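Go by the hints and put chain F onto chain Y.
Line by line, the protein sequences are chains Y and F.
If you read the first sequence in our numbering, its first letter stands for residue -10, the second for the next number, and so on.
If you read the second sequence in our numbering, its first letter stands for residue 38, the second for the next number, and so on.
Calculated from the structure, these hints are not laboratory results.
A quick note: this is a predicted structure, and the numbers were derived from the prediction, not measured.
Just so you know, not all the hints are guaranteed correct.
Said to hold, decoys possible - In silico DSS-like pairs for lysine-lysine, Cα to Cα no more than 25 Å straight-line: (1) F:K85 to Y:K330; (2) Y:K365 to F:K97; (3) F:K83 to Y:K372; (4) Y:K103 to F:K107; (5) Y:K246 to Y:K458; (6) F:K51 to Y:K85; (7) Y:K393 to F:K74; (8) Y:K365 to F:K85; (9) Y:K393 to F:K64; (10) Y:K388 to F:K64; (11) Y:K278 to Y:K268; (12) Y:K330 to F:K97; (13) Y:K85 to F:K121.
Residue strings, one per chain:
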Amino acid sequence: MKLNQLTITQALTGLKTKKFSAEELTQACLDQIEKTNQHLNSFLTLNPNAISQAQAADKFIAASKVNFNKYPLLGIPYALKDNFLTQGLRTTASAKLLDKYIPQYDSTVQARLKQAGAVLLGKTNLDAWAHGSSTEASDYGTSRNPWNLNYSPGGSSGGSAAAVASHQCLFAIGSETAGSIRVPACWCGVSALKPTYGRVSRYGVIAMGSSLDSPGPLTKNIYDSALVTKVIAGHDPFDATTSSSPVNIQPAKLKLKKSLKGIKIALPKEYLVKEMDDKTAKLINKAVKKLQSLGAKVEQISLLDPHYSIDVYVVVQRSEVSSNLARYDGVRYGHPRTYFKHEAKNRALLGTYTLSTGYYDQYYNKAQKVRTLIIKEFNQVFKKYHAVIGPVSPGPALKVGSSKDSPMFGEVVDMLAEPSSIAGLTGLSVPCGFVNHLPVALQITGPQFNEQQILSLGHIYQQNTDFQKFPSTEYD
Amino acid sequence: MSKNDKVDVNHLAKLSQMTVTPQEAKKLQKGFKEILKTISALDKLKTKKVSSTFQVTGLKNIFRQDEIDKSRMLTQEQALSNAKKKYQGYFVVPAIFK
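Chain F on its own, in the form it takes in the complex:
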């Protein structure tokens, strides 16, 4: 990591939709500095000609038929069973338009 990288905790909190108090932000900032310094050790390893690993056992393009699997179907009642807010058989979601 370059020495100029500065982590903006409040921006990251916004991006990841987490609530962070000023006190917590300070603690996280300190921790991130420590972690980023530690992981910068990876720069010592040459990887220019190395490809990235994305699936560790070598699988790719696993497809299935686009069919309804009845064994996994939930009833409307089951699907709603953990929702705190519902209205006439629907989930109530937070408003995104004013």
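Isolated chain Y (complex conformation):
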């Protein structure tokens, strides 16, 4: 096994016992990027200081008896979605409008990873401004799915998902408005967590839908998602929407529980949508049986049709986009507004419409009221159940080019992630099998700020299945 193929947990053991150095680990990732990025287009910018940062970590490990509890990701190389600001390193949000933008400060997520000792490899591709679900809306070309280069990795965190699946890094950071972490994780077959809204700071993340945006990790197993989330989560005075409630994520505790006895899970029948293919449906049923065999009680329930969530999401997100994109005037940074491409215009114009006088109540306010209905419904469900499950996406990855000429492509692909995003809940994407050699995943949704509960469920499921696999990356 090559060093870049290790999980975070395995790599930390190797670093602690000095089996290899952080420099060797980082170099293995850089070699893999060098070999595969021409095929995957997952990285847009590499960090020129990655090796020197790894060397600094090695010096630190050698010089003293390092407390890895204080530096929980010391020497671990990672990739960051290119909508997270990195001081001194170009940040574009995959938009040419920001082609030459060099941030003067770090996003909170980046600052916390740096503080934890992790080594930044570079910045990953996304749909420009995170507007999309395939990376096809990137101004720097689409990324490719490592399982089959003719297929999309999903999006908007597609570069991050492809980077993890192809072992270009040990973990990656993505951001999700509704589906942008979970769906690419599903399509690329990696594990991921979308934290509760307000659990991870949005400070220094280029804004998309401000009432929805949630940064989170994409990793090689659920346990690693817990490790990374513990580092990046928590109150941040720079983002007033972050919660001051204590972070309840305890990775070590995940190892203690072996069965799902006493766990009650809801399976909404409406989530088995008409767009879902039969093979994916079979795999979801198989996952349900597995959860039952591990002791969980799974019951079918009825929720609002997720198609309503598409409608709410479209209105809320377009409205917030129109407000967020208004700030780009090309004065303090970036190019002029003429650099905006089609998808940004599509969203900003419709959002301007839904917020305008005479239409505000009809669209925006109506959507925010239906949002309340969705939240109330989930609150009722979580009085009785620990988690809600379903597929992450109606099917496996679609071919590159599928988003063309579809003004709501993303919303349809992401429809099963939208209800939980609208309600600000936390959710996992856990691989649960393959359809035509492409991965599909189980979605596990939990109540707000109860990441530990779903991480535990996902971890136990993963410990008892063998679907967390990685593709061959011999593309030449």
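Just chain F, lined up with the frame of chain Y:
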């Protein structure tokens, strides 16, 4: 949405300060018609007595002291570092008066 609603793409482009070509306007118009038709499904749900959600985790009125946070201060040079047009330590902004 009522059937009489017509989206004026060029007006919206002006409001949102986006440049839209006639060809693009046509494409956007078509897309908006499709989207607005889809989202009109929300009208089927009764919401007269439902309040709107504005903050999903229930936070409100988060205040902080009005103090200078030195850890976040930029020097004048840093603040100007990404500006394309500057003059004697200031940003040059587009003229709004003729």
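- Quick check: which numbered hints come out false for this structure? Going through the list in order, the structure violates hints 1, 12 and respects the others.
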